[in-house]
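Based on the hints, put chain B in the right spot on chain A.
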Amino acid sequence: GAVVSQHPSWVICKSGTSVKIECRSLDFQATTMFWYRQFPKQSLMLMATSNEGSKATYEQGVEKDKFLINHASLTLSTLTVTSAHPEDSSFYICSARVPAGISTDTQYFGPGTRLTVL
Amino acid sequence: AQSVTQLDSHVSVSEGTPVLLRCNYSSSYSPSLFWYVQHPNKGLQLLLKYTSAATLVKGINGFEAEFKKSETSFHLTKPSAHMSDAAEYFCVVSDGKGRRALTFGSGTRLQVQP
Chain A
270 GAVVSQHPSW
280 VICKSGTSVK
290 IECRSLDFQA
300 TTMFWYRQFP
310 KQSLMLMATS
320 NEGSKATYEQ
330 GVEKDKFLIN
340 HASLTLSTLT
350 VTSAHPEDSS
360 FYICSARVPA
370 GISTDTQYFG
380 PGTRLTVL
Chain B
159 AQSVTQLDSH
169 VSVSEGTPVL
179 LRCNYSSSYS
189 PSLFWYVQHP
199 NKGLQLLLKY
209 TSAATLVKGI
219 NGFEAEFKKS
229 ETSFHLTKPS
239 AHMSDAAEYF
249 CVVSDGKGRR
259 ALTFGSGTRL
269 QVQP
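Residue numbers (the numbering used here), protein chains in the order written: chain A, 270 to 387; chain B, 159 to 272.
Hints listed in this document are in silico derivations from the structure and should not be mistaken for laboratory results. Cβ atoms here follow ideal geometry from the backbone N, Cα and C, with glycine treated the same way. Be aware that a few hints might be false.
Calculated Cβ distances over 12 Å to all of chain B for the following chain A residues [as the list claims (entries may be wrong)]:
1. Ala271
2. Val273
3. Ser284
4. Glu291
5. Phe297
6. Glu328
7. Lys333
8. Leu345
9. Ser358
10. Arg366
11. Thr382
Derived contacts from chain B toward chain A, CB cut-off under 10 Å, selection only [what the hints assert, rightly or not]:
12. Ser190
13. Asn199
14. Lys200
15. Leu202
16. Thr209
17. Lys227
18. Ser242
19. Glu246
20. Ser252
21. Leu260
22. Thr261
23. Arg267
Here chain A stands alone, though its shape is the one from the complex (with noise of 0.2 Å):
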């Protein structure tokens, strides 16, 4: 089936440092990727739509300027938190979407990225 990998799978950084978080999909090429973020406990939200290719799309509320996405190639995207804050530290999760033809509403998830900010 269709994974999705992510890495690290955690880090832990100081405050005012940048984090790149990274992710695959290992046996598809995924036009558009989705970046969520999951506070313990809670639903995920969704943070952004990243697009090959062009710029990513994001969510009321989310800032663009701290949360940068680039969708470099139809198999890899990449999230990096900018000045990472504690209040930043939450649950990463990418998820892929298999393309047209297949199965078109299917996301298919990675396994998340915990990011803690001391």
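Frame of chain A; chain B shown alone:
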């Protein structure tokens, strides 16, 4: 606009007894509906999906869900719970149009007692 309501934040069952996790949805379009499961500190695994074909959808690990348009429901069931079923379950709706973003329910934590 679309939304999902999971009616129970927490469900506790005994091993071997049936599981029912309730979900109601609202969508302006013909929706696609999904159930995902998340084990602690893990990503999400797709259990099953409804995309306007058969209203009774069978998924992995013995789970199934029935799409009832008249009741705008998509409840998840399993005849007999296993200890390994203990996890967080999310009901999810896609509007089926445009970027097909997913809207997640608030989640239901399933606890399975021995």
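So, going through the hints one by one against the coordinates:
1. Taking the minimum C-beta to C-beta distance to chain B, about 9 Å, the non-interface status of Ala271 (chain A) is violated against the 12 Å cut.
2. Some Cβ of chain B comes within 12 Å of the Cβ of Val273 (chain A); the nearest lies about 8 Å off, and the non-interface call is violated.
3. Annotated as non-interface, Ser284 (chain A) keeps its C-beta farther than 12 Å from every C-beta of chain B; the closest such distance is 23 Å.
4. Residue placement check: Glu291 (chain A) keeps its beta carbon more than 12 Å from all beta carbons of chain B (closest about 14 Å).
5. Residue-level check passed: Phe297 (chain A) sits 14 Å from the nearest beta carbon of chain B, beyond 12 Å.
6. Listed as a non-interface residue, Glu328 (chain A) fails to keep its Cβ farther than 12 Å from every Cβ of chain B; the least gap is roughly 9 Å.
7. With a least beta-carbon separation of about 16 Å from chain B, Lys333 (chain A) lies farther than 12 Å from that chain, consistent with its non-interface assignment.
8. Distance check for Leu345 (chain A) against chain B: the nearest CB is about 17 Å away, which clears 12 Å, and the non-interface claim stands.
9. With 12 Å as the threshold on Cβ separation, the claim that Ser358 (chain A) sits away from chain B holds: the shortest Cβ distance comes to roughly 14 Å.
10. Some Cβ of chain B comes within 12 Å of the Cβ of Arg366 (chain A); the nearest lies about 7 Å off, and the non-interface call is violated.
11. Taking the minimum C-beta to C-beta distance to chain B, about 10 Å, the non-interface status of Thr382 (chain A) is violated against the 12 Å cut.
12. This hint holds: Ser190 (chain B) has a C-beta 4 Å from the nearest C-beta of chain A, less than the 10 Å allowed.
13. Hint status for Asn199 (chain B) relative to chain A: holds, with the closest Cβ pair at about 7 Å, below 10 Å.
14. Look at Lys200 (chain B): its Cβ gets to within about 6 Å of chain A, closer than 10 Å, so that hint holds up.
15. With a least beta-carbon distance of about 4 Å to chain A, the hint placing Leu202 (chain B) at the interface is held under the 10 Å criterion.
16. For the restraint placing Thr209 (chain B) at the interface with chain A, the shortest Cβ-Cβ distance is roughly 6 Å, inside the 10 Å limit, so the hint holds.
17. A distance limit of 10 Å between C-beta atoms decides the matter here; for Lys227 (chain B) the minimum to chain A is near 17 Å, and the interface restraint is violated.
18. For Ser242 (chain B), the shortest C-beta to C-beta distance to chain A is roughly 18 Å, which exceeds 10 Å, and the interface hint is violated.
19. A cut of 10 Å between beta carbons decides the hint on Glu246 (chain B): the least distance to chain A is about 9 Å, and the hint holds.
20. Contact between Ser252 (chain B) and chain A, as hinted, is supported at the beta carbon level, the nearest pair being about 5 Å apart and thus within 10 Å.
21. For Leu260 (chain B), the interface hint holds, since its Cβ comes within 10 Å of a Cβ in chain A; the closest pair sits about 6 Å apart.
22. At about 8 Å, the closest approach between the beta carbon of Thr261 (chain B) and any beta carbon in chain A falls short of 10 Å, and the interface hint on this residue holds.
23. The beta carbon of Arg267 (chain B) is positioned within 10 Å of a beta carbon in chain A (closest approach about 8 Å), and the interface hint is therefore held.
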